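A.B. asks: This is what each chain is made of:
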Amino acid sequence: MQKIVPANIRDIQDGPRKSISRPPTFIEKHCNSVFGWATYFFAWLTVLLVLYIVCIIAIQAAPAIRDYGLGFITGTTWDANTHQYGVLPEIWGTMYSSLLALVIGSLFGVAVAVFLSEHFLSSFVFSIEKLFGVQFHSFWGKLPDKFEQILKNLIELLAAIPSVVYGLWGIFFVIPLIRPVCDWLNTNLGWIPIFNTTLSGPGMLPASIVLAIMILPTVSAISLNALLAVPPKLREASYGLGATRWETILAILIPTASKGIFGSIILAFGRALGETMALAMLVGNANVISWSLFSPANTLAALLANNFPEAGPKEVGVLMFAALILLAITLFVNMIGAFILQKASTPNEGAR
Amino acid sequence: MTDIVTSVPVPSNKIDSDIVIDSGELEKSLRRPRTAFNYIMSSLTTLVTIIALIPLFSVVLMLVVRGGQRLSLGLFTQLPPAAFEHGGGFGNAIVGTLVMVGVAALISVPFGILSATYLAEVAPYSRLSNVVRMCGKILTGFPSILAGVFAYGSVVLVTGGFSAIAGGIALSILMLPTVILTAEEAIHMVPAKIREAALGMGATQMQTVWMVLLPTAFPGILTGVMLAVARAAGETAPLLFTALFSNYWLISGGRLDLMQPTSSLAVLIYNFSAMPFQNQIELAWAAALILVLVVLTVNLIGQSLSRK
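Residue numbers (our numbering), protein chains in the order written: chain F, 342 to 693; chain R, 51 to 358.
Note that these hints are calculated values from the structure, not bench results.
In this text the structure is predicted, and so the values were computed from the model without any measurement.
Take these hints with a grain of salt, some might be off.
Unchecked claim - Straight line, CA to CA, 25 Å or less: simulated DSS-like cross-link-like pairs of lysine-lysine:
{"#": "1", "chain 1": "F", "residue 1": "K370", "chain 2": "R", "residue 2": "K243"}
{"#": "2", "chain 1": "F", "residue 1": "K493", "chain 2": "F", "residue 2": "K471"}
{"#": "3", "chain 1": "F", "residue 1": "K483", "chain 2": "F", "residue 2": "K471"}
{"#": "4", "chain 1": "F", "residue 1": "K487", "chain 2": "F", "residue 2": "K471"}
{"#": "5", "chain 1": "R", "residue 1": "K187", "chain 2": "F", "residue 2": "K493"}
{"#": "6", "chain 1": "F", "residue 1": "K483", "chain 2": "F", "residue 2": "K493"}
{"#": "7", "chain 1": "F", "residue 1": "K600", "chain 2": "R", "residue 2": "K187"}
{"#": "8", "chain 1": "F", "residue 1": "K684", "chain 2": "F", "residue 2": "K574"}
{"#": "9", "chain 1": "R", "residue 1": "K78", "chain 2": "F", "residue 2": "K684"}
{"#": "10", "chain 1": "F", "residue 1": "K684", "chain 2": "F", "residue 2": "K600"}
{"#": "11", "chain 1": "R", "residue 1": "K78", "chain 2": "F", "residue 2": "K471"}
{"#": "12", "chain 1": "F", "residue 1": "K493", "chain 2": "F", "residue 2": "K600"}
{"#": "13", "chain 1": "R", "residue 1": "K78", "chain 2": "F", "residue 2": "K574"}
{"#": "14", "chain 1": "F", "residue 1": "K600", "chain 2": "F", "residue 2": "K574"}
Stated by the list, open to error - Taking CB as the label site, the calculated pair distances span:
{"#": "15", "chain 1": "R", "residue 1": "A133", "chain 2": "F", "residue 2": "P404", "range": "33 to 43 Å"}
{"#": "16", "chain 1": "R", "residue 1": "G252", "chain 2": "F", "residue 2": "L440", "range": "58 to 68 Å"}
{"#": "17", "chain 1": "R", "residue 1": "N297", "chain 2": "F", "residue 2": "L389", "range": "33 to 43 Å"}
{"#": "18", "chain 1": "R", "residue 1": "S354", "chain 2": "F", "residue 2": "L591", "range": "48 to 58 Å"}
Think of the CB as a built atom: it goes at the ideal place given N, C-alpha and C, for glycine as much as any other residue.
Please take these sequences and the hints and turn them into a complete structure.
C.D. replies: Written as structure tokens, this is what we have:
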């Protein structure tokens with residue numbers, strides 16, 4: 342057994358003890374500076390990568406830009422045999438499907454965010470447990486929070502399912518499900534422009550529904566953060582004045598969190614614009630500009646996905662031009678979304 | 051009695067005559083529009099949340115029912131069938147997905163962790179860091195198909211053919227922002243005391259990062275990597291015209307050839323779902339079941355790591 346002796350006495354006994362603290366050696370110093378430069382290099386590389394991506398696409402698109410110019414954006418035919426290319430139907434389809442998805446997805450997403458942030462589920466479970474008098478039990482008492490966590494995870498899992506699986510599900514579940522409804526709407530309300538064609542399988546509506554499901558988690562996750570960031574005093578003050586739960590939500594919480602919610606909707610819009618697979622499988626790939634929800638259409642991303650694998654060198658350049666347009670639109674929308682969210686994260690007026 | 055009343059500073063009878071408090075006003079009754087509105091909105095929100103969850107359960111149910119009936123060991127060992135053939139599997143697609151996600155992880159993980167180290171430790175407040183963070187956010191919202199377009203322009207056109215490498219590079223661009231942003235967050239979460247103790251002992255910055263910060267932040271970084279891997283495994287769009295598809299094994303003649311067209315689960319689902327043959331559609335469902343199982347498992351493992 343070793344005797345425990347104070348350090349200073351031990352030093353006298355066995356000479357100075359070797360400390361684990363020492364200045365860095367020559368090699369360590371140089372390794373460190375190499376390491377510092379390496380991180381600096383990789384940080385720059387991230388920036389350069391983004392620039393390189395834009396450059397590659399722009400350079401490849403340059404010949405097509407020279408040949409077609411602005412007429413490419415306003416043209417409506419896509420024919421590789423006669424070398425006539427135009428992406429107006431694709432731009433229209435991209436915007437139309439994304440906006441439709443956005444309307445459905447943000448409505449549902451914000452509702453889910455309110456449901457989660459106002460603890461509807463846990464208070465419901467709590468009130469049921471109260472009937473049995475077990476709300477403070479060591480096991481049952483934890484249940485409300487657990488349920489809410491599970492619900493949050495389930496909503497997040499919606500985002501984890503690959504888009505190609507959603508496409509497959511859309512083909513074999515959504516289209517057969519909505520077809521009778523669409524046929525009924527077309528025969529009875531066909532005079533309204535949005536119902537004036539029949540759903541022949543793939544079309545704008547099934548694509549937008551699936552797209553809405555895919556952007557819902559984005560909207561709900563970011564809106565939830567914005568709603569949770571509303572200072573509790575505002576909520577309590579509103580309840581204290583006698584407002585009901587929904588008067589508080591509509592008049593206090595949502596206006597206070599509106600910047601965050603708006604930012605989440607813009608980011609979701611950016612995501613919807615760039616989404617490829619679900620649309621390529623469900624939208625029908627037809628160069629049509631139509632208001633009808635049931636008519637097949639096309640989007641920029643779906644156009645790229647369908648035509649790239651078999652494209653000749655000439656068509657590749659044209660497709661690169663289409664990719665450049667898609668890049669410009671999504672970059673623009675995403676930057677606006679990020680900017681709004683950055684503004685939203687600054688503290689609220691009146692809450693100070 | 052009168053003495054007591056006059057001793058109260060505010061004459062109560064005067065107030066009663068001016069302000070009539072209707073106690074019914076304070077009651078919570080469903081007949082009042084305010085309360086009724088409250089209940090209607092609450093039920094609507096509950097309904098909407100339930101509807102929002104239907105797709106998840108519907109997808110899982112359909113995968114289990116339609117994919118489950120085709121599930122067998124042969125799926126993992128056989129090659130995709132030709133048009134009118136029966137049976138078959140997608141062993142090569144599973145290998146292809148694993149290889150390409152592996153290539154993507156090999157590129158994006160060291161790259162991402164080193165730039166995250168710069169952001170979190172070397173120069174957190176420099177102008178470059180802000181620009182890098184912005185680039186990370188831009189890449190997060192970057193459409194996946196454009197990663198494929200980029201890899202086509204920079205790899206496929208240069209090397210002259212579709213390859214697993216091109217697919218891996220396209221996927222790595224999609225993994226990179228997730229790795230950078232979560233690794234930065236994880237390194238930030240390491241308590242300042244631990245970091246300062248290491249520096250105070252005379253450790254160089256590299257030793258602090260390598261022996262203290264990264265091991266402490268490891269669960270958080272691993273979460274980010276897992277989420278990125280789960281996302282990359284399910285991506286189809288960037289692989290369509292970088293890795294293309296193939297009906298053959300990636301390993302030919304006993305060695306791995308990464309410079310040839312490669313199949314992946316996601317592209318297989320896309321290609322087979324459009325075919326008019328029952329056998330191919332069944333295979334697409336089985337592949338989707340396996341893909342979702344893998345993606346959800348990796349996702350859940352990743353999330354559980356960060357919660358500890």
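A.B. asks: If a hint holds in the structure, say so; if it doesn't, say that too.
C.D. replies: Hints and how they fare:
Simply put, F:K370 and R:K243 have alpha-carbon atoms about 23 Å apart, close enough for the 25 Å limit, and the pair holds. Proposed proximity of F:K493 and F:K471 is supported: the alpha carbons are some 23 Å apart, at most 25 Å. Of the supplied pair hints, the one linking F:K483 and F:K471 holds, its CA atoms being roughly 13 Å apart against a limit of 25 Å. For the given pair, F:K487 sits about 17 Å from F:K471 by alpha-carbon distance, which is consistent with the 25 Å threshold.
The straight-line distance between the Cα atoms of R:K187 and F:K493 is roughly 23 Å, inside the 25 Å bound, and the hint therefore holds. Proposed proximity of F:K483 and F:K493 is supported: the alpha carbons are some 16 Å apart, at most 25 Å. A threshold of 25 Å between alpha carbons decides the hint, and for F:K600 with R:K187 the separation of about 18 Å falls inside it, so the pair holds. A hinted pair counts as satisfied when its Cα atoms are at most 25 Å apart, and F:K684 with F:K574 qualifies at roughly 21 Å.
Restraint check: the Cα-Cα separation between R:K78 and F:K684 comes to about 39 Å, which exceeds 25 Å; the hinted pair is violated. Between F:K684 and F:K600 the alpha-carbon distance is near 8 Å, which keeps this suggested pair within the 25 Å criterion. Proximity of R:K78 to F:K471 is assessed by CA-CA distance (about 20 Å); at most 25 Å being required, the pair is judged to hold. For a cut-off of 25 Å, the pair hint linking F:K493 to F:K600 stands: about 22 Å separates their Cα positions.
Simply put, R:K78 and F:K574 have alpha-carbon atoms about 24 Å apart, close enough for the 25 Å limit, and the pair holds. Only pairs whose Cα atoms come within 25 Å are accepted, and F:K600 paired with F:K574 is accepted, the gap being roughly 19 Å. Remark: the range hint 33 to 43 Å for R:A133 to F:P404 is upheld by a beta-carbon distance near 38 Å. One distance hint, 58 to 68 Å for the beta-carbon pair R:G252 and F:L440, holds here, with the actual separation near 60 Å.
Checked against the hint of 33 to 43 Å, the C-beta distance between R:N297 and F:L389 comes to roughly 38 Å, which is consistent with it. A C-beta distance of roughly 37 Å is found between R:S354 and F:L591, which places it outside the suggested range of 48 to 58 Å.
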